[in-house]
Amino acid sequence: MTSMLEAYSAITGADVIHHLQQLAKSLKGKTVVHVNSTRVGGGVAEILEKMVPLSRELGLDARWEVITGDSEFYQCTKSMHNAIQGDRVTIPDNLLSHFEEVNEQNANQLRSILEDADFVFIHDPQPAALLKYCSNRKGKWIWRCHIDASHPNRKTWRFIDKFVREYDASIFSLSQFVQLLPHPSYIIPPSIDPLSDKNVDLPQAELDSVRVRFGLDPDAPMIAQISRFDRFKDPIGVIKAYKLAKQYIPTLQLVLAGGSATDDPEGEIVLEEVRMAAGNDPNIKILQLPPDAHRTINALQRLSDIVLQKSTKEGFGLTVTEGLWKGKPVIGGDTGGIRLQVINFHTGFLVNTPEGAALRIRYLFNQKQKMQEMGIKSREFVRENFLLTRQLREHLTLMVSLQHGVIDRIDLS
Amino acid sequence: MNTTNTSPNRDIPHFVLKDCTLIAIATNKRANTLKEFRDHIENLGLDSLYYHFWANLLLPRFEEREYINDFASWVRHSLSDAKLAEQLAVLDPVTFNNPEELRYHLLEYIDDRLEESEHLQWFHATQRFEFLRSQIVVFDTQTKVSEPHQMSDLIPGMSASSVFYHFIDARRRTTDKIDDFRHWLALFGDTYQPLIDKLTDIDPYFTSLVELRQQVAVTFQKYFAEQAL
Chain A
1 MTSMLEAYSA ITGADVIHHL QQLAKSLKGK TVVHVNSTRV GGGVAEILEK
51 MVPLSRELGL DARWEVITGD SEFYQCTKSM HNAIQGDRVT IPDNLLSHFE
101 EVNEQNANQL RSILEDADFV FIHDPQPAAL LKYCSNRKGK WIWRCHIDAS
151 HPNRKTWRFI DKFVREYDAS IFSLSQFVQL LPHPSYIIPP SIDPLSDKNV
201 DLPQAELDSV RVRFGLDPDA PMIAQISRFD RFKDPIGVIK AYKLAKQYIP
251 TLQLVLAGGS ATDDPEGEIV LEEVRMAAGN DPNIKILQLP PDAHRTINAL
301 QRLSDIVLQK STKEGFGLTV TEGLWKGKPV IGGDTGGIRL QVINFHTGFL
351 VNTPEGAALR IRYLFNQKQK MQEMGIKSRE FVRENFLLTR QLREHLTLMV
401 SLQHGVIDRI DLS
Chain B
414 MNTTNTSPNR DIPHFVLKDC TLIAIATNKR ANTLKEFRDH IENLGLDSLY
464 YHFWANLLLP RFEEREYIND FASWVRHSLS DAKLAEQLAV LDPVTFNNPE
514 ELRYHLLEYI DDRLEESEHL QWFHATQRFE FLRSQIVVFD TQTKVSEPHQ
564 MSDLIPGMSA SSVFYHFIDA RRRTTDKIDD FRHWLALFGD TYQPLIDKLT
614 DIDPYFTSLV ELRQQVAVTF QKYFAEQAL
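For the protein sequence lines, the chains are A and B, in the order given.
Each residue of the first sequence is one higher than the one before, counting from 1 in my numbering.
Each residue of the second sequence is one higher than the one before, counting from 414 in my numbering.
In case anyone wonders, no lab produced these hints; they're calculated from the structure.
As the structure is a prediction and not an experimental result, all values here were calculated from the model.
C-beta atoms are modelled at their ideal positions from N, C-alpha and C, and glycine is treated no differently.
Quick list of simulated restraints, FRET-style, between CB atoms:
(1) A/Leu244 to B/Gln540: 23 to 33 angstroms
(2) B/Glu455 to A/Arg409: 20 to 30 angstroms
(3) A/Pro182 to B/Glu455: 16 to 26 angstroms
(4) B/His532 to A/Glu380: 33 to 43 angstroms
(5) A/Gln204 to B/Glu624: 30 to 40 angstroms
(6) B/Lys590 to A/Ala205: 54 to 64 angstroms
(7) B/Asp589 to A/Ala7: 37 to 47 angstroms
(8) B/Glu455 to A/Asp87: 30 to 40 angstroms
(9) A/Asp292 to B/Glu531: 58 to 68 angstroms
(10) B/Trp535 to A/Thr68: 47 to 57 angstroms
(11) B/Leu459 to A/Arg158: 31 to 41 angstroms
(12) A/Lys370 to B/Val623: 20 to 30 angstroms
(13) A/Lys370 to B/Trp535: 31 to 41 angstroms
(14) B/Ser493 to A/Asp292: 42 to 52 angstroms
To spell it out: a stretch of chain A is covered by chain B in this simulated footprint if at least three of its residues, at any positions, have a beta carbon under 8 angstroms from a beta carbon of chain B; those stretches are:
(15) 14-27
(16) 166-176
(17) 179-186
(18) 389-401
Make a model of the complete structure from these sequences and hints.
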């Protein structure tokens, strides 16, 4: 077994890796190309960084290509991203034309790689139009939508739809996010990488240093929400829940940590509202962290007794997965992919209000044994269902499936 | 059939250990009310029926399994109808001659309930039901055994999905609607009938696959330990 497979085997168990190896046999030597719009930063890049080398170790000829564009292109794709998530934004026609031009330029650069590949995975809307400019493609093309597309802005969706309907298949994270397309839409939830800085085990000294850096009391109970300062993440609701719970747990500490809001005008407004709501309470720490503060985030999740993700709207909610992986019960909003991960009385609690969150915080601090049991279950739940190896297994299954056509049983034995 | 080659001493094929993986595919059929739910079931592909009755056993879940199919669970939790949920939960696909018979009984229960309860005709579910279907990919693990006692060592090392394939999926694909272990043991005539009876007692629907593996393994181990005395 190679070093990377060995490293994952130590976490997932050898049977999981063996399973991947068996499945990959029928795909040995196949060329697989993943295309997205950034090499660094963001969930897609984090997954591809490991998925591509792992695929290679399993015998596939996998590679990762990144498209390039100018600021106008990214302005367009940012609006597109928001519109697919339901924002009522209108993207000017000149930007949409530019979107196609940039895709054409990238197709000119990548054409031979893409047209020769057996499988091409196009991630998110940015490179979605590449297919239009690869008319001699010989392999199967799959559009991977990482966004909650359940209620898209119709005009924007019609624009994207004309490109993605030409693909051989699409992948959505949840069945609720699927749009009607004339090809099979596979359901593959995302995953976390247990060996990344955000999720790897940390030495106690590093945890202690993060605790000291942010002035956290090691003897006081702590809850944390690690999320953008965004209304849909309901940070104000988290503060309300904290204040209600604090009446019963006076030493309770709350950490609200998110990215810097300087490039997001609405984020700045929300951050200001959060500061106002927190007032002068010294036990509430509002932290703005740089985008590469993965180990700090990891440490904060590990230092917490309970992780919160009290969203009112959520895609999959990988911060929930991360919290569960650290053996913490999660109190999460009853929405989107959080429902798939937070199972009442097993991995945490689903809540609809700050009052509900406060009640569950009180319950867990009163039932320390239960909290511990839930933490153990949470980690195992993620190990079995939401690690990178599971996502890779489903990608391999999808490729086998596309090779054999849409039949419900494929026997490779 | 999961058997191939033959044991050197008997004309009985080896038990070939297989594994499987399953992937979910959207059907774009969704229900917000019991009426919509009923109408979709009437025209639902058999692969989708399979998914909601069987394949869900491979999905994330915990040991306490309230209902053994997705339909019953949705009716209970999103329509809050305990009566219909209980009726749907009792439906076991192996007790029907074919999937169409299963569909007929599903529709019978739903139609009766729609007739009985006026509010269920318009009541909007708290969560939409998403009908899915699945594809299963089966592969050979390159492991096989020729003697039943070898199962005692083999089963504890099986993956959860292999347990699903041999113990649950087998009931759908074999003519006698039993798991692959019993099917194979029966080839030895009456020799292993007491072991077959013990395996028959295992109800696979209320435990996780890992626990099911443990139950099956212990059944084999106990049987052969007693035989050795």
